[in-house]
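Trainee: Given next are the chains, with one letter for each unit.
There are 2 protein chains.
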Amino acid sequence: MEISNNAPIGVFDSGIGGLTVAREIMRNLPSEKIVYFGDTARVPYGGKSRQTVEKYARQIVRFLKTQGIKAIVIACNTATAFAIDAVREEAGLPVIGVIDPGAQVACKETENGRVGVIATRATISSGAYTDAIHAIRPDVRVIQKACPLLVPLVEEGLLHDPVTDEIIMRYLDEVLENGVDTLILGCTHYPLLRSAIRKLIGDDIRLVNPAYETARSLSGLLSREGLACTEPRNPDEPSPYRFFVSDQAEKFAEFANSILPIDVSAARLIQIEDY
Amino acid sequence: MEISNNAPIGVFDSGIGGLTVAREIMRNLPSEKIVYFGDTARVPYGGKSRQTVEKYARQIVRFLKTQGIKAIVIACNTATAFAIDAVREEAGLPVIGVIDPGAQVACKETENGRVGVIATRATISSGAYTDAIHAIRPDVRVIQKACPLLVPLVEEGLLHDPVTDEIIMRYLDEVLENGVDTLILGCTHYPLLRSAIRKLIGDDIRLVNPAYETARSLSGLLSREGLACTEPRNPDEPSPYRFFVSDQAEKFAEFANSILPIDVSAARLIQIEDY
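For the record, the sequence lines run as chains V and C. Going by my numbering, 174 is the number at position 174 of the first sequence; the sequence numbering is gapless. Going by my numbering, 177 is the number at position 177 of the second sequence; the sequence numbering is gapless.
So that you can see chain V by itself, here it is in the shape it has in the complex:
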């Protein structure tokens, strides 16, 4: 079956964090349609094993393929770290994750060759950022730190709070002591803490937001594959963005509304285990 240029892009995450990636795609590729899936029943992925994350990612790919997508964005660092090969195999479509785009920019930006990575425990233990960085620049020293409490703090909305600041500083102390000049926000929730982190670490360290870099890489990928959207947006057609979740559809739609530049009227609940 031929893939249509005007088909939507499938974007998925363990929950709401991947909306920061969807947001960058909306801003930077405004003519592209999106089908987003958030695995809100089984969130978070950051403490799960490779085997389990792979199984969940394959189910999600099978669901997204029922929506006639042309490409897949894994908008979740843990799923990228553990399951990008499984997703490629299952999809048979162009696939992009958030790790390579972030690693590429960090390699370009660092001057002193010391790059920090903060992420979930699963992403850190996978070593995926270190591997991606060393594949480009083996000379870069990577200082990693798992930050398991940041996701719950973001999900509770404590984006500007002394407790969050204290936890961020505990996690970053060791990274900063190693003199990094570039810090990768290696979890899709963390861009929501960008201003808190910036305030704590000062202006001298470059912050890499893989969500933004992924949207830019996606643009390049679609061009290379001849898959960029060619159809002008029809203002009469229904929304080009569709949202699906595995639980708590209303709560998801509320959060999506608060961070996306569009109105999300509803998310549809699906039984992801059936795929």
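Note that identical chains are pooled: a pair holds if it fits in a single copy or bridges any two copies.
No farther apart than 25 Å at their CA atoms in a straight line, the calculated lysine to aspartate or glutamate pairs in the DMTMM-like style are these: (1) Lys145 to Glu250; (2) Lys145 to Glu254; (3) Lys145 to Glu174; (4) Lys145 to Glu166; (5) Lys65 to Glu225; (6) Lys65 to Glu2; (7) Lys251 to Asp274.
Since the hints were made in silico from the structure, they are not lab data. Please read these numbers as outputs of a predicted model, since none were measured by experiment.
Given chain V, put chain C in place with the hints provided.
Mentor: For chain C alone, kept in the frame of chain V given last:
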């Protein structure tokens, strides 16, 4: 099929929290055997919908029944709040949850008729503690508070930490302002914060630990049903305690070892979605 008195008790939780209930059963009913299941792939339940928790609980009951159990303890407040009826229907065996035993003791202990309940967002929104208390003593005023950050803080091991103290005080401020003389620890993780909470609220407020009360109620239930174990423990037989999880078996066994009065050599991984 007749149920054997010497069959094990099935105990389940979304993850590790229910081990505080298993621990009380081991201490208070030392001749009983236990099959424990922790749903570590899909933890936590505290933010999920009733529908999803019911589905997961039914799968777990179907698995536990393959292990020849004689009764079920729902060692999870959220699963008790949302799914005790579904579990009873699916099991066809005596079932006990953690909410009624906690509510009963709180009703007996309170002198001023003001009881606080702290729990996950799902347990609080279900109103299950309020309903259980009002079924016994409609005059009791129940002051509830959802404490979503306490589970991640416990899972990170920050049991004695200024950040945890600060978060506990934020959650408890409102409860204490209402003059409660009894506080139910309505999540199986919270007994691990008992000494931190005691330090912060002083000695005048009674703390109700539903894990302990559940073990006592279980003892009564087994006697009434004629199901108490009659077989003396055979020191040559393999461990009377078996542990199953849906992910991260090693990490689970490590945690279980740290809080149980026995050696947990291993937990077995099962595919819970297949049940």
